[in-house]
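Given chain A, put chain B in place with the hints provided.
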Amino acid sequence: MLIRRQTDIPFDQDAASRQLPWIVAIMIYLSGMAIAGAIALNGLVSVWSSGLSGALTIQIPASAKLEAAHQRADAVLMIVRKTRGIQQARLLRREEVIRLVQPWLSSEAGAESLPLPLLVDARIAPGTPVDTGALADAVAKAAPGAMVENHARWAGRFVGFARSIWAVALVVVVLIGVATVITVVFSTKTGLRIHRRVISLLHLIGAHDRYIARQFERQALWLSLRGAVFGIICAVGTVFGIAYLAGKAGLAPTAGALFTPFQWALFASVPIGAAVVALLTARLTVLRTLRRMT
Amino acid sequence: MQNDLFDGEEPVVRFDQVGVRYGAGPEVLSDVAFSLEPGSFHFLTGESGTGKSTLLRLIYLAMRPTRGLVHLFGHDISTLPRDDVPSLRRRIGVVFQDFQLLDHLSAVDNVALPLRIVGARGGAVRQHVSELLRWVGLGDRLSAKPATLSGGEQQRVAIARAVINQPRLLLADEPTGNVDDNIGVRLIQLFEELNRMGTTVIIATHNSGLVDRFRYPRMELEDGAVHFIRG
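Taken in sequence, the protein lines are chains A and B. Heads up: the first sequence begins at 213 in this note's numbering, then just goes up one per residue. Heads up: the second sequence begins at 7 in this note's numbering, then just goes up one per residue.
Isolated chain B (complex conformation):
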């Protein structure tokens, strides 16, 4: 795969009649069809169990749809060669709902993980990571292991890890679920800053206060389908 995966003319994400079911159960997502333009910012909302996490998992290539087509950066993921998947994933930053931090690594090392994977090493990496952690209010917890961090602190480390590479697409699953409103606002402002630099952002959230405050378009999941609501 070439490095110019991102084509400004192509939608960053496109779903064509996508359906997902787990085992023999009913479809969690049914005939989902939408496309997201580069540089857009969306909240993904909906009741618990409506498939928000499933939709995000499809986008960050953790699973394949049962039917339909998912295109990322213009590439049909069902025909994407296995060796090309990592290059695509490196353009996507993900804030997992359960953080998925590595317990044996310090906050700095957790955040530096995406940089190490692309081969970056040395003092500049550490300085860059430390600055970002200071920005999210963890300047005094650089060497702390996840087990010694509070839920909110772990969430901020997870967010720092997702944005350290300046991804083309940022997906966040309840990124403000464990932080107070002030930190929550500050984190959304961080996502806005990335969005201004061209990153497409999708934030799955239950926090209606945050959705009302920032007034970005919403993707509302209901009965397995996506409805777009203007912000």
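Here chain A stands alone, though its shape is the one from the complex:
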């Protein structure tokens, strides 16, 4: 595909042909980065939401009377364990609660002296809905002031956020695609003007518009594929570079593990898609322009 045949139209002589691969390379690089960013963010949100969506936390207010507070906690624990859809529940030890609040406090000693609430951690059976409203009412009766925190709500917000980012990435890719189409249209129309004499001769010798369009579409395919392959290689290189730096900082796995095979295939399809879009754009531009010219 990358081997060129000699064309009747001397494309090598026009500047528009020389610039197109660079413009396409930049477009494809930006598309690649938008897609990579969306995939990476989607992966992180999946990890976060899978950890949160299957859990509930019940917070029982701190009390000066420790024994009474523990009695209320035991009552809550019983209610939670009997609730439909709850797989398991346990009362967090005080050290675990201190560890949770520790990042926001200056020292462990400070946390020890604080009136910390008691926390019940509940795990929800996969695929089983929990009536959190009824649970909250029952818990409030057993331990006034107790609150049920449903992590699924947080997970839902993360998923919504991820979907928004996907939508933004999609809009970016579509806009880049539109910009690529406009660039190819401009480049093709410039080529038609520059090579008007040759095109006129080809017509006089008996060439159909389709014959001339084929020459332009092959040229557009060749130039855009060259630019697109270069652009996607740069984008993959950037992704590996970021993944390497993130891996060194202990923030993310390697780039190879960052994307699934399907996502890599999506990545690889970008230059092919761009080349096909360029080919079709060139064909339609030539056919429409020639029909108007004569």
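Simulated DEER-style distance windows between Cβ atoms:
no.	chain 1	residue 1	chain 2	residue 2	range
1	A	G372	B	D89	51 to 61 Å
2	B	G29	A	G249	55 to 65 Å
3	B	S84	A	A477	53 to 63 Å
4	B	D82	A	A477	48 to 58 Å
5	A	Q231	B	K151	22 to 32 Å
6	A	G453	B	T154	43 to 53 Å
One-sided excerpt, in silico: chain A residues whose CB lies under 7 Å from chain B:
no.	residue
7	L413
8	I417
9	G418
10	Y423
Calculated directly from the structure, the hints in this document are not laboratory data. All C-beta atoms in this analysis are idealised placements derived from N, C-alpha and C, irrespective of residue type, glycine included.
Just chain B now, with coordinates in the frame of chain A:
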């Protein structure tokens, strides 16, 4: 359009009261009316500026008349669907006065252009083209680009390109203008050979020696009208 465009009974070219003017200027051609039978051979003569090139341009479909009707192979070109024009043009070989060779292509590739346009490819095409170029005396310049060829050599490449497809109608605008008399005679003999195979030939020329030597009928353009003179 069907492939049997050429109907032996129909004139190859017929002009009915054709007039041509450029912009608001006077008519270059005025009430031109004639018809050419298949297999005929004519010289087109006349002073410079009398409209020889315009008449040829009308026939090879590079322009439309301002008024009147032009029929080619029995088809009125004013009602011819756009998609059918290429099929008609492929039956016409044209030797342009300014050659119109493609500078980036070799002599072989320039001559092979009409064959490529109809989809012919491969070694047989190259061999056929090479033989024709050898015939017009360019056997040693097959790979030469037009810029490296002399005016006469370029003219012969242009002629080879016009005849490579064995056209039904051959139009030549001053085809011997840049070659010496020997080559000129040889080129006219090539056109005669095509004519013997059924090609209708019209040669626009100022070369009165050539016209006198070959004694074919003349179409003399004068004051925008065509007069036929026997050879």
